[in-house]
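Student: Those protein sequence lines, which keep their order, are chains A and B.
So the first sequence is numbered by my numbering: it starts at 1414 and just counts up by one.
So the second sequence is numbered by my numbering: it starts at 1414 and just counts up by one.
Keep in mind the hints are simulated off the structure, nothing from the lab.
Some clues are possibly wrong.
[What the hints assert, rightly or not] Within a straight-line C-alpha distance of at most 20 Å, the following computed DMTMM-like cross-link-like pairs (lysine to aspartate or glutamate) qualify:
(1) B/Lys-1576 <-> B/Asp-1533
(2) A/Lys-1464 <-> A/Glu-1478
(3) B/Lys-1418 <-> A/Glu-1478
(4) A/Lys-1418 <-> B/Glu-1452
(5) B/Lys-1464 <-> A/Glu-1452
Since the structure is predicted, the reported quantities are computational estimates derived from the model, not experimental observations.
Below are the chains, spelled out letter by letter.
Number of protein chains: 2
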Amino acid sequence: MRLPKAITRLIEQLEKLPGIGPKTAQRLTFYLLHNPQTELDNFAAAFQNLKRETVICSICNNVAETDPCRICSDISRDTSIICVVEQPLDILVIERSGGYTGLYHVLHGAIAPLNNIGPDQLHLKDLLPRLKSDTIRELILATNPTMEGDATAMYIAKLIEEKGLNNFKITRLGRGLPVGGDLEYADDITLTRAFEGRKEL
Amino acid sequence: MRLPKAITRLIEQLEKLPGIGPKTAQRLTFYLLHNPQTELDNFAAAFQNLKRETVICSICNNVAETDPCRICSDISRDTSIICVVEQPLDILVIERSGGYTGLYHVLHGAIAPLNNIGPDQLHLKDLLPRLKSDTIRELILATNPTMEGDATAMYIAKLIEEKGLNNFKITRLGRGLPVGGDLEYADDITLTRAFEGRKEL
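All chains should be built: construct the whole structure from the sequences, respecting the hints.
Tutor: Next comes the structure, spelled out in structure tokens:
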């Protein structure tokens, strides 16, 4: 059976989203057919305005409503620490944990040679001028604990050393067992890191 | 951190979809931020036109581009059999299997007292006139093999009997082990049905 074009079109659009396969896209589309037109219009508006009503902060590259963003323009934040993350979503997660009060810098990616993403594709150039300020005490490289994230962190650390900008601490987030995790299910590398990072009680 | 309104709005919209939780909605929204505006416009158009460019077939209630739908207006189909299904998606699945060449009737639901869906909420009234034709030889009640689907099938069968329309066969799809399934993982009811429905080799 050939499906109506309007249905096929929405199925094909939804299939492009990560983690949504053909079956799920189909199920969602047929579910949406039961929704009133106003609800479909709400969906349409939300998609259309996603980027139109957001800007990239010219200081930290976070996605925001204003430039500079809410965090960069918040005078109560600690301007002596900058936390480098891969994606804007990482900021959301860190802010939710509530333990960090410094500033951020979003790279919008990580070095991944297999996907043709080198240092030039990242928002790295605008990080260096921020580090030249004398107020900076620490730079936290909070890229993901993956091959790409580690490579990116090493690259940034080396770049800073080359530029002679190392009058501040450079740190990386601690590695070890996740809280609530089970020793039995920890992988070898995580366990090795947990032993390396052990602390006296 | 308060997220930009445009981002929150899309997250909230996506969360309304079945099977998409807050985390997935967030991940999808931040993924979409990396898409060009034209792609977001494509999404918007697909949502907006889903219902505008489709109609409900006045004969079988299937979702279609034309009225009557492609199947109802196909003269090569067997008009002596009508297969009753719960949803338009069911037609897609049956058509894909390729083994059925008759007509359909979509109920757009099943009797579910817990969700306040009674026979009046279903597209049942327009089924009876279709059965008055002398050409009908068989009515397949292909509602889902669930409590609701079974109740709906029983209700329809009884209704037809009451109206004295039983000059045709009324059937229900066979129950048993799914092809490729494993006896070990079959549930008790399925196994009981499989024994009841056993066939001589």
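Student: Confirm or reject each hint.
Tutor: Each hint, compared with the structure:
no.: 1; hint: B/Lys-1576 <-> B/Asp-1533; in the structure: holds, 17 Å
no.: 2; hint: A/Lys-1464 <-> A/Glu-1478; in the structure: holds, 10 Å
no.: 3; hint: B/Lys-1418 <-> A/Glu-1478; in the structure: holds, 8 Å
no.: 4; hint: A/Lys-1418 <-> B/Glu-1452; in the structure: holds, 18 Å
no.: 5; hint: B/Lys-1464 <-> A/Glu-1452; in the structure: holds, 11 Å
Going through the hint list in order, the structure satisfies each hint without exception.
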